[in-house]
Every structure is written in structure tokens, then in C-alpha cells.
Amino acid sequence: MKTMLQRNIRDRFMEGLLVLSTIIVLLPLIIIIAHVIIHGIGALNWDFFTQELGSPSRALQGRPTGLVHTILGTLVVDFMALTIALPVGLGAGIMLSEYPDHKLNPVLRVMNDTLNGMPAILKGLLAFVLIVKPMGTFSGFSGGVALSFVMLPIIARTTESALMSIPWSIREAGLAIGLPRWRVVLSTVMPAARFGLVTGTLIAFARAAGEAAPLLFTSFGNNYLPNHWLGMILGPVDTLPQRLYSLAISPYSHWHNMGWAAAIVLLVFVMLTFATARFFTRQKF
Amino acid sequence: MLNNSAKLLKTPFTHLKDISNLLMHQASGPARASKPVSGVTFTPEPASGGKKFRMQTRNLTVRYGTTIGVEDVTLPIYDKEVLALIGPSGCGKTTYLRALNRMHDLTRIASVTGEVLLDGTDIYGNDINPVNIRRRIGMVFQKPTPFPTMSIYDNVVAGLKLVGIRKKSLLDEVCERALKQAALFEEVKDRLRSPGAGLSGGQQQRLSIARALAVDPEVMLMDEPTSSLDPQSTNRIEELIHTLKEQVTIVIVTHNMQQAARLSDRTAFFYVGHLIETGTTNDIFTKPKETRTEEYISGRFG
Ligand SMILES: Nc1ncnc2c1ncn2[C@@H]1O[C@H](COP(=O)(O)OP(=O)(O)OP(=O)(O)O)[C@@H](O)[C@H]1O
Ligand SMILES: [Mg+2]
Numbered sequence: 001m002k003t004m005l006q007r008n009i010r011d012r013f014m015e016g017l018l019v020l021s022t023i024i025v026l027l028p029l030i031i032i033i034a035h036v037i038i039h040g041i042g043a044l045n046w047d048f049f050t051q052e053l054g055s056p057s058r059a060l061q062g063r064p065t066g067l068v069h070t071i072l073g074t075l076v077v078d079f080m081a082l083t084i085a086l087p088v089g090l091g092a093g094i095m096l097s098e099y100p101d102h103k104l105n106p107v108l109r110v111m112n113d114t115l116n117g118m119p120a121i122l123k124g125l126l127a128f129v130l131i132v133k134p135m136g137t138f139s140g141f142s143g144g145v146a147l148s149f150v151m152l153p154i155i156a157r158t159t160e161s162a163l164m165s166i167p168w169s170i171r172e173a174g175l176a177i178g179l180p181r182w183r184v185v186l187s188t189v190m191p192a193a194r195f196g197l198v199t200g201t202l203i204a205f206a207r208a209a210g211e212a213a214p215l216l217f218t219s220f221g222n223n224y225l226p227n228h229w230l231g232m233i234l235g236p237v238d239t240l241p242q243r244l245y246s247l248a249i250s251p252y253s254h255w256h257n258m259g260w261a262a263a264i265v266l267l268v269f270v271m272l273t274f275a276t277a278r279f280f281t282r283q284k285f
Numbered sequence: 001m002l003n004n005s006a007k008l009l010k011t012p013f014t015h016l017k018d019i020s021n022l023l024m025h026q027a028s029g030p031a032r033a034s035k036p037v038s039g040v041t042f043t044p045e046p047a048s049g050g051k052k053f054r055m056q057t058r059n060l061t062v063r064y065g066t067t068i069g070v071e072d073v074t075l076p077i078y079d080k081e082v083l084a085l086i087g088p089s090g091c092g093k094t095t096y097l098r099a100l101n102r103m104h105d106l107t108r109i110a111s112v113t114g115e116v117l118l119d120g121t122d123i124y125g126n127d128i129n130p131v132n133i134r135r136r137i138g139m140v141f142q143k144p145t146p147f148p149t150m151s152i153y154d155n156v157v158a159g160l161k162l163v164g165i166r167k168k169s170l171l172d173e174v175c176e177r178a179l180k181q182a183a184l185f186e187e188v189k190d191r192l193r194s195p196g197a198g199l200s201g202g203q204q205q206r207l208s209i210a211r212a213l214a215v216d217p218e219v220m221l222m223d224e225p226t227s228s229l230d231p232q233s234t235n236r237i238e239e240l241i242h243t244l245k246e247q248v249t250i251v252i253v254t255h256n257m258q259q260a261a262r263l264s265d266r267t268a269f270f271y272v273g274h275l276i277e278t279g280t281t282n283d284i285f286t287k288p289k290e291t292r293t294e295e296y297i298s299g300r301f302g
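Read top to bottom, the protein sequences are chains A and B.
Residue numbering for the first sequence follows our numbering, beginning at 1 and increasing consecutively.
Residue numbering for the second sequence follows our numbering, beginning at 1 and increasing consecutively.
Hint data in this document are derived by calculation from the structure and do not stem from the laboratory.
Take these hints with a grain of salt, some might be off.
Taking beta-carbon pairs under 8 Å as the criterion, some of the chain B residues facing chain A (in silico) [said to hold, decoys possible]: (1) Met103; (2) Arg134; (3) Met139; (4) Phe141; (5) Thr145; (6) Phe147; (7) Pro148; (8) Gly159; (9) Ala212.
Source: prediction; values computed, not measured.
Built from N, CA and C at the ideal position, the CB exists for glycine as well.
Throw the hints in and build the complete structure from the sequences for me.
Here's what the structure looks like:
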């Protein structure tokens, strides 16, 4: 038998360990955020949000330069990816959760897991082969497709688990009043799972928004804003993660500072998405 | 009391035909009347009291994997009667009931063999759409199951609204009628737009009953519908069943012997997956042929 005191000391010790490991997990995050803000905040001025980047000489000669084309391009590519991934991912998730005895179900599960585990750079390669080669040009569209490969398996899995969390009795009740199965899913199960569905989609979106690798040889990058908005879809377009990368490896210190500023914008964008997801997770009916 | 509710029900029931017509227009499946759908037809034999078979199971066996749920049950269900299913826990009452509206289709491990005839047609026939069967054979579960995101009103009319019936006057009428039948109207009439999940457990159960009645089923399967209700609501539901059997054939599972005796015309006693004995409720309760029936009833009755 251990004494009360001994037990108390052990409890304290374990608690201390937990707090310590929490700090160890949080510390790198805090250091990264602090570092990014310290280095980038100076470059976050009006020009940053209104000017395009142009050639390095602009920065060297002190002419106005910024990343407006990058921010717009990111929005275009990310939402294009979401438009592609959301219906397909929802469909796959519904299939996985609601039709477990369907013949195609195991195939779908394996394919989804494979896609989920595939390195992001390969997803870019896949989109390169499927879209860039046939089109003969780098394009925002191919970037959207590449990012949709990142979102899709995440949306499918989160949709599946959100739907599975709704009790079976609801489905049976729907069937018992003579509703077809798809109607039961659409009108009773999915509304009940709506917050889970939104959360999963946002997490997938945030994950994809931070990816640079799939974009390097799909949307490719662009120092200028295309003349026409269609140019963002059909031609090469700039995105934050990829621009961050190319600014960082450039030899110009002014561009390095802009890279840190780009990192702030990307960080805020991703964190806002996660915060919204968090908000929806906490919602009840 | 009974007379009152009978009067109350009379007018709404004339509208039910409109709804069922509408429903039939929606359904591309078989016509609602007794027209046989599959090749297998079975002429309903007139029964002792001149009543017709509404449903019948022949050699019905339900297995869960290798476990037997019910085995080889042959049982007629007469038109517009109340049939009570009784028996100890785990004897297969729910299993049997769920076979009657193809609810086992959803359980992957469950397999059904034998025949379940509705108006002479096997509802497990190849060309039968289970959706059309479930529209005719309603079900109330043991636990209340309101649709979580829907208002009280939308819960009740879900079976009509979600198949495309939008006429507001009709939906309003059906909602009020069904809620009155389920003895819930007075309590909720001022908050029909509030969530169904916000009701008490007993109210939720009556809401589930109202929802089942709203689609005007011909047969109603009830699995211990009053086990979560207080005595007063139980009384109301029993009155409802009394009134309802003028229009609807009812199969009810109950653990309450008095309730079985009060409500049902006939009783079927199940024991470890087998139908042991069936007959008029009077016979089963006063002169059961099987000793197991007698033991079960007397053990529970006093
Ligand atoms: N989904 C299932 N999977 C496996 N076995 C099941 C399943 N449902 C029921 N069973 C088994 O089938 C048998 C009959 O169960 P059933 O639920 O029909 O009994 P019941 O008469 O309704 O009991 P109760 O009065 O407790 O509701 C039991 O042995 C049970 O364990
Ligand atoms: Mg049961």
C-alpha cells in the first residue's frame, strides 16, 4: 500500500510531465510565429497589398512593389481546388459512411487512403501530367486540381466520420416513413452532421492552402497580375506558399523581407480558417 | 372519451385519401391497392371471423450471421386487427417486427428467408421497392427518434414534404390531425416551429407516432411504443390504437401483459426465436394450450 503522500507526489509529477510536454509542443509554434512577425511586419505596408512584384530591379531601385497578384492568385487557386474537391469529397464520404455494403466501397477506401498518403509533390506531378502537359501551359487551373488532390481525401474522411457520428436510429426512422435512402441521407443525416461537415472542409482547405509543393510545376508562379482574370485560371499564376519559397531563395534582401511578410499573410489566412473550423466544432444543434 | 376521439378523427380521415393519392403519384412503384406486383400471388383466405389476411409470414427465418433471430414463423395478420407480440426479452419480437417492413435490409449481417406477404404479394420479391412497402407499413420504434434539425411541424410532415408534397394547407391539416391522433397537439400547438429535439422524452415518442401516422400507413408496426411514456400518455396512445384499428392494421410489441390484454384482438407468444402459440387474446390469456405460454403470462400478470 502506498501512502496518500506518495500518491500525491506521483500525481504531481505526472501532471508536471504533461505540462512540460505541452510546452515542448507549443514552443516551436510560438518561436516560428514570433520570428515570422518580427522579420515580416516591416514589409507589410500599403504597397504590399496593392502592387504587383515585377522584376527584381523594382525592389532594388526602391520603386513600389508588392504581392497583390499573389494574394488574389492564392484565393483563385484555393477556391478552385475547393470547388473541385468539395462535391467529390462529400460524395466519397457519403459513399463510405452510408453505403458500407456497396461493392465499390472497399476500392474507394483504398484509393482514398492512397491519395491521402501520397507526397504532395507527387500530387503536383499528377496534375502536371493530367492538365499542364495537354494544355501546353502552366495554369491556375492545374494548380487548383493539384490542391484538390490534397483536399479530397481529407474531406472524404472527415465527411465519413461526421456522418457516422449520427445515430443509425435516425436513418431507420427516415426509412420507416417511406423515404428513399438518398433522401434520408440528404435531408436528415447531413443536416444533423452539418457542423462536422463544415469543420472537415475547413481543415482540408487550410491544409491545402499551406502547400507549396503541388504548385511548383502546376500554377508555377508569376511576377505580374494577368491582364484578364481568366489569365489566373488559364495561365501561370502566383500563390503565397510558392512565392514564399521563391522569395526566400532569391539573392535580394528586400525580397527576403517580403517573403517574411508573405509568411505572415499565409499564417493569418490558415489560422483564421482553423479558428473558423474550431468555432463550428463547438456548435451544437 | 373514445367516442370523442372517434368523432375528431372522422373528418381528417376523409382527407387521407387525397394524401395517399398524392403519394401514389409520387411513387413510380406499384399501385397502392391490392394489385399484386410480383408474379407470386396468394389469394387471401377468409379467416374464421370472416376477416381477411392483411399480411402473412410463411416460414419466416431471420438470422444475424449464424445467430438465429426468429426461426420458421408462420403467422397471419388479419385486416384491421391489433396483434400483440409478447415473450421474454431476446425472444425475437423486434426481429420479427422489423422483417415486416424490410427494416433488416439495412443490417448487413441480417438475412431473411421465407415469405412476408402483404395483400398476397411477397414484399421480399425481386421487383419490389422497399420504399413503397415502408410507405404502406409504418413503424414506431422503442426509443423516440425525432429528426434532430427539424421543427416539430417539419418532423410530423417529413414523410410528405420530403417526397415533394408542398401544398401548405394540406401539410397544415395533416400536421394537426396527426398530432391530435398522437395526443400531442394541445401541448405543442403554440410552438410548432420549435425544434422537435427540444421536447421531453415522452413527447418525443408521441411526435414519432404522429410522424408515422402522417403518411397514413395501412399497417402500423409498434415496438414497445409506450415503454418511455408516463401513464397518462400511455392511456392516450392506447386510446389512439383503439380508434386507429378502424382504419389500420396494428402489430404491437409489448412487455406489459395488461396492455396486451386491453388492446389486442389476437396475441402471439414468442420464446427463444420461435412462435410458440397464437390465438385470440382471450384464449391466450384464459386458456393457453402451451405450458410455457401459461407460465410466462401468469408470471407477469399478477
Ligand atoms: N443487430 C443484431 N445483431 C446480432 N444479433 C442480434 C441483433 N439484433 C438482435 N439480435 C439477437 O436476436 C435475438 C432476438 O432479438 P430481438 O431484439 O428480436 O429480441 P426482443 O424479443 O425484441 O427482445 P426485447 O424484448 O429485449 O426487445 C437476440 O438473441 C438478439 O441477441
Ligand atoms: Mg425488442
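Do the hints match the structure? See the list:
| no. | hint | result |
| --- | --- | --- |
| 1 | Met103 | 6 Å, holds |
| 2 | Arg134 | 5 Å, holds |
| 3 | Met139 | 4 Å, holds |
| 4 | Phe141 | 7 Å, holds |
| 5 | Thr145 | 4 Å, holds |
| 6 | Phe147 | 5 Å, holds |
| 7 | Pro148 | 5 Å, holds |
| 8 | Gly159 | 4 Å, holds |
| 9 | Ala212 | 6 Å, holds |
The structure agrees with every numbered hint stated previously.
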